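Asks: Each chain, written out:
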Amino acid sequence: MNASAWQDYRRIWTATTTWRDPRQVEWIGRIALFLALAAGMARLAGVLERDRFWHMEVFVLVGWFAIVWMIYFLPASVLMNSAPNAWLVPRQRRRLRQMAMASWLFMTLGATLAFGTWAAFPLLAIYTLGVMLQRAGIRSAAVLVLLATIWPFLSTHLPSALVHAIVGQRGLVLESAALGLAAMWSLARLYPAGGDRHLDGRKRVVAGLARFDRRGAGAGVRPAPSPISRFAYLPALQRDCRCGKAEALLMHALGPAGHWSVWIPGAAIVLLIALVMALLTSNGPSQGFVDAMDIAMSTATVMAVVSTAHFAQQLGRTRGEQALLRLTPLAGNTALLNRRLAAGMIKSALISWGMVTALVLLLAWAAGADAARLLRQLGLGCLGGQLAATWLLGDFARRLPSYAWWRFPVLASQAGANLAAAWCLARLGGSIWAWLVPVSVIGAAALLSWSRRRMLAAPPAFPVTRMEGSVEKGGQ
Amino acid sequence: MNAPLVQMSSVTKHFGARQVLDRLDWQVAPGQVIGLLGRNGAGKSTLLECMLGLREVDGGTVSMFGEDAAALSDGARARIGYVPQKSDLFDWLTPLQMLEYFEAMYPRWNKGKVEGLLSRWGFDPYKRNSPIKKLSGGEQQRLSIIRALAHDPDLLILDEPVSALDPVGRRDFLRELVDQVIERGTTVVFSTHILSDLERVAFDLAFLKDGRIALQGQLDALLEGARRVVAAPHALPAGRLQGELRRSYEGALTSVIVQADYEQLAQLAGKPGVRIETLSLEDLFIEMTREG
Amino acid sequence: MTDHTANLFSIATGSSEPIYRQLVEQVRRLAAAGQLKPGDGMPSVREIASSLALNPMTVSKAYSLLEMDGVLARRRGLGMVVANFAPARPADRVELLRPALERAALEARQLELEPDTVLTLFETILKEAK
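Chains as they are written, first to last, in our numbering: chain A, 3 to 478; chain B, 1291 to 1582; chain C, 6 to 135.
In isolation and in its complexed conformation, chain A is listed as follows (with noise of 0.2 Å):
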């Protein structure tokens, strides 16, 4: 490779790193060198053998490498490469491809190493490859990652002829190979070149980006309408455009994103894994079924908290539309807009989070489930549903509800508060997660009703984050 090549990924590279605070990328660094440092203290004290100790250094070096990749470079190198910068930049297009394999096969190969063991190849070459598309804003890819995933609870389940097969010998060699194809064609249709499907497509690749950019990509970038909008959401707009209540209309600001039907797709895909996993088992069909419905509900409830920060991310995304509904009579006085808005939303959350706990509930019971298993499941879906209202609510002319990451010991914390306080209240007779029901139910009025307080006596919500660094009055 010439001088010159390295001198392009250099810039490539450095270009992209900037995409968000670049102070991150320094703080990654940093916690990475440490962890390697204190895997080299711990060999050098004999704590840590020596297989172990190199597994761990590359596992650091692979980790760090990844994540500065999938959260800068990725999401970077695809808004760089528009249509008009892919077609007529000389050779840009070409060194991003050549990057985005490099950087796949450093990972797959570097994670492999740290398993110890050829037979994680394939997984992990999938795990990568779903993760990398899926952070290029290709939603279908979560798929993949999910394959991955699940694989090692699938594997327990499965006939053991066809899983000898997958991970024997020759299927190893023929899926590492096919896997390396298939990363090679669909890391080229990361970074199209021109044509009608890039410059049209376009748009939509940018909205796929912006979600995971907190900031999102400016206000005017939207998630395109799913075809369910088109008989979920649209027929209840018309709807609610008839009837005229405040309530739902000025929900109507969040867009198809804030309805109830945006669960679907999910809920249509929790429920295919299910039957698969179903077919597949080995445990008899029905059982299969319910430990799939385990697993949903705890998705479920991770979903829940997903959901929340979805409304948030679509509140800060649809300000205009906030500044015009502001100006009808609709918003009423300021008191009167944000007791609609909570009303709404909070309408808006139970509606959802109701019907996927039913749902699944429901299906696990129509498969056989015993009744401890269905408490079981009701507990954590209870669970979910106060996490969620954690931040649904609030003073949201100042702030947007942010479930960043460095926020999750919060919910961690009340997570185990409501366990501890289940725990204890089994003692007095009934199981954990049946006491988990009432805690969390009592748990999550409380947090609601708090925080519904807090926004009446707040300005104004639309637009949200207009009064972003201002101080708030009194002591709240």
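Honestly, I wouldn't trust all of these hints.
[As the list claims (entries may be wrong)] A partial selection of chain B residues facing chain C, derived with a Cβ cut-off under 7 Å:
{"id": "1", "residue": "W1411"}
{"id": "2", "residue": "D1456"}
{"id": "3", "residue": "V1458"}
{"id": "4", "residue": "R1461"}
{"id": "5", "residue": "L1464"}
{"id": "6", "residue": "E1489"}
{"id": "7", "residue": "D1510"}
{"id": "8", "residue": "L1513"}
{"id": "9", "residue": "T1568"}
{"id": "10", "residue": "L1569"}
{"id": "11", "residue": "S1570"}
These are computed hints drawn from the structure, not numbers from a lab. Here the structure is a predicted model, which means the values were calculated and not measured. Every residue gets a Cβ at the ideal spot worked out from N, C-alpha and C, and that includes glycine.
With the hints as your guide, set chains B and C onto chain A.
Replies: Frame of chain A; chains B and C shown alone:
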């Protein structure tokens, strides 16, 4: 070297059922400064994108610098400057970072020109070091233009390059276009709605209508030659007039746009009830691109 | 002997008269009025193009026409200068009025007026203007 720089033959393009370009023929000779005019939605951007090879054509051929537009060599790409309608410009970088990046990607880069443009167009050190997404629309557009000019292209394609600029900004841009680009003999193709800009700077015009280049020629000749003849139908000779471009009926009068034939015009002028009007570029635009 | 700058000119877009023709007419008018004296230096094509944001080819077209008509002359090393011409006789100057009079005549014909009526009106206006 008078081989055309850009040659489009029989180019067709449709989007679904809609025909946007219909067996369009067009040539751009080296050194020409052509204004591309057409209604909103007539397909000007599509035409420019097909010309550059950004969009595939459904039929016909497009060649640039003698190469097929669908397979341009790196050398050809380095000679093209393009300012798209919507700038997509690495908006998380600062102007200086962005320009540095592109400087590395192009073989030729005129640092003096870039520095001059940045300072003449109001990019003080503060602006040069703020992320592009924080700049206003007009500033982003100016930056987009600077980037396209920086590598001294031989062919400059501009798609509504001044839509976000105020009159002062536009005048400054035109001045730079004259000084830095046209004086050097660069070929320029630009599509804009701002006719006064075109009148100043373009030497040739092309009208895009119904998927084809309906009229093209030197701007001066078109203006001087075009006349509108308004008369009652009986006052006009039967059949088409010499150089007739379009005919329309307004109430009791017939209005005909003709490309001048002085003899014929002198004859008509003598008749009572016949009015012969000169056309401004705006009138010509409206007449040429009207439906019907 | 003054050296003129591009400020001499002003052009109007949106008229039916092409820009090169506007430049030509302006130079003719200024020369006839005596504001451009023989030997005065004219701004270069580049200067005019840059200052008014015009295509240099348009400006050189105007200059070529003026050179052909003998209003301007090219001096080696000095660029374009105003040519030595005899001060415009009234007979020449009145030719400059032709376009305006032609327009008036056209309107008169459309209004179906008699030439005598029109001339009387014109005389009245001229006397008023003094």
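Asks: Would the stated hint for T1568 of chain B survive a check requiring a Cβ distance to chain C of less than 7 Å?
Replies: holds (4 Å)
Asks: At a threshold of 7 Å, is the proposed contact between D1456 of chain B and chain C supported by beta-carbon distances?
Replies: Cβ of D1456 of chain B sits 15 Å from chain C, so the hint is violated.
Asks: Was the hint right that D1510 of chain B lines chain C, CB cutoff 7 Å?
Replies: Interface hint status for D1510 of chain B: holds (4 Å vs cutoff 7 Å).
Asks: Against chain C, run the beta carbon of S1570 of chain B and see if the smallest gap drops under 7 Å.
Replies: holds (5 Å)
Asks: Taking the closest Cβ pair, is L1464 of chain B under 7 Å from chain C?
Replies: This interface hint holds because 4 Å falls under the 7 Å limit.
Asks: Does W1411 of chain B pass the interface hint, meaning its C-beta sits closer than 7 Å to a C-beta of chain C?
Replies: violated (15 Å)
Asks: Quick check on the hint: E1489 of chain B CB to chain C CB, less than 7 Å?
Replies: holds (5 Å)
Asks: Quick check on L1569 of chain B please, does its C-beta sit within 7 Å of some C-beta on chain C?
Replies: Holds. Min distance 6 Å.
Asks: Given V1458 of chain B as an interface hint, is the shortest Cβ-Cβ distance to chain C below 7 Å?
Replies: violated (11 Å)
Asks: At a threshold of 7 Å, is the proposed contact between L1513 of chain B and chain C supported by beta-carbon distances?
Replies: holds (5 Å)
Asks: If you take the shortest Cβ to Cβ gap from R1461 of chain B to chain C, is it below 7 Å?
Replies: holds (6 Å)
Hint check: violations occur at hints 1, 2, 3; the rest are consistent with the structure.
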